[in-house]
Amino acid sequence: MFAGNERRKPISYSDWMSQLPSELYNTPLWNLIIPGSHDSMSYDLDINSSVIEPDGLKKISKIYCARKIVRKWAVTQEEAITNQLDAGVRYFDLRIARKPGDTDPTRLYFYHGLCTRTDVETVLKVINDWAENHPKEILILAFSHFKGFDKKIEGQLHNHLINFIKTLFGAKLFLRDETPTLKYCWQKSRNVIVSYDYPAIYSPKLWGKITYFYGNTMDPAKVESILQQILETKKPSNSFFVCGLNLTLQSDASILKYILCPCGTLPKVIQRSLPELLKWVQKQAGMNIVASDLVTRNDFVSVVIKLNISKISGMYKE
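Reminder that position 22 of the sequence shown reads as 22 in our numbering, one-by-one numbering, no gaps.
Hints are computed from structural coordinates only; laboratory data are not their basis.
Since the model is a prediction, treat every value here as computed from it, not as a measurement.
A hint or two may mislead.
Derived CB-CB ranges, DEER-like [said to hold, decoys possible]:
1. 232 x 187: 29 to 37 Å
2. 64 x 103: 19 to 27 Å
3. 183 x 59: 52 to 60 Å
4. 62 x 312: 51 to 59 Å
5. 221 x 107: 16 to 24 Å
6. 211 x 107: 27 to 35 Å
7. 250 x 59: 19 to 27 Å
8. 62 x 150: 15 to 23 Å
9. 23 x 62: 51 to 59 Å
10. 177 x 59: 40 to 48 Å
Each residue gets a CB set at the ideal place from its N, CA and C atoms; glycine is no exception.
All chains, please: the whole structure from these sequences, using the hints.
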């Protein structure tokens, strides 16, 4: 991975799941430890997009400086989706939005503060191509938020996106009533799990919302403390769950000390905190999906993957 603050080409973990020890082949995927990316598409944010959030800046989104500030503090990833896949990321946080005034009635984008330049269907085709070329790597795609969906056409937009997902991934989709293990996925030639956080629509090919735990703070020590408490008291069993290492800007006046700093960006703040957060992660064995910003830095992926070896040690102790 990247060393320190220096950006280099990520080390490839493109086939790490197929290289896990055989003792883990029959382990449900929610009992493995899987690297994920938070706001996975934020590297692609469009400076010319209207501000989608926060609500307080929507009214001045026509001002370039306002959009520039939002982008500085909304970019959480720096590598394209294919590079994240090659680096070993297997869970993707995909937040969906409709661009205001888009002339295409069903076109959707990803967003985090601003919308992306690339539309959803284009990116999903790239993911599908990668999944076909790596049939033993299981991808978890979490669709959520659905900002800007006008209630008059909300159902149409959801149906269009869901039908596109089903048609594109086809037989690769893992059914929600099956228990996913590596061996079973390989036997069935299924390597895509889609979580769709919209309970009004049910499909056996779509999984429900995956719980995402996070600290909701910019203080790394508080993030660790909150996640530790969750792992000790609220950890789900027999289902996927995410521990998010991501720092979160507050919506009150405390946000000003960050966004008004002329040289500050969210990636710079993240880079200072990530090494310490990863030291904490290395001590954990009860996690499932671990999501982070800047996933191709500081050996994040390799640290998470290596935690699966502790699973084997635990098996023999039992």
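Verification of the hints:
1. 232 x 187: 29 to 37 Å: holds, 35 Å
2. 64 x 103: 19 to 27 Å: holds, 23 Å
3. 183 x 59: 52 to 60 Å: holds, 54 Å
4. 62 x 312: 51 to 59 Å: At roughly 56 Å between Cβ atoms, residue 312 and residue 62 fall inside 51 to 59 Å, so the hint holds.
5. 221 x 107: 16 to 24 Å: 42 Å Cβ-Cβ, so the 16 to 24 Å window is violated.
6. 211 x 107: 27 to 35 Å: holds, 30 Å
7. 250 x 59: 19 to 27 Å: Roughly 20 Å apart at Cβ, these two residues keep to the hinted range, so it holds.
8. 62 x 150: 15 to 23 Å: holds, 21 Å
9. 23 x 62: 51 to 59 Å: Holds, since residue 23 and residue 62 (Cβ atoms, about 58 Å apart) stay within the stated range.
10. 177 x 59: 40 to 48 Å: Between residue 177 and residue 59, where Cβ atoms are some 46 Å apart, the hint holds.
Comparing the model with each numbered hint stated earlier shows that hint 5 is the single one that does not hold.
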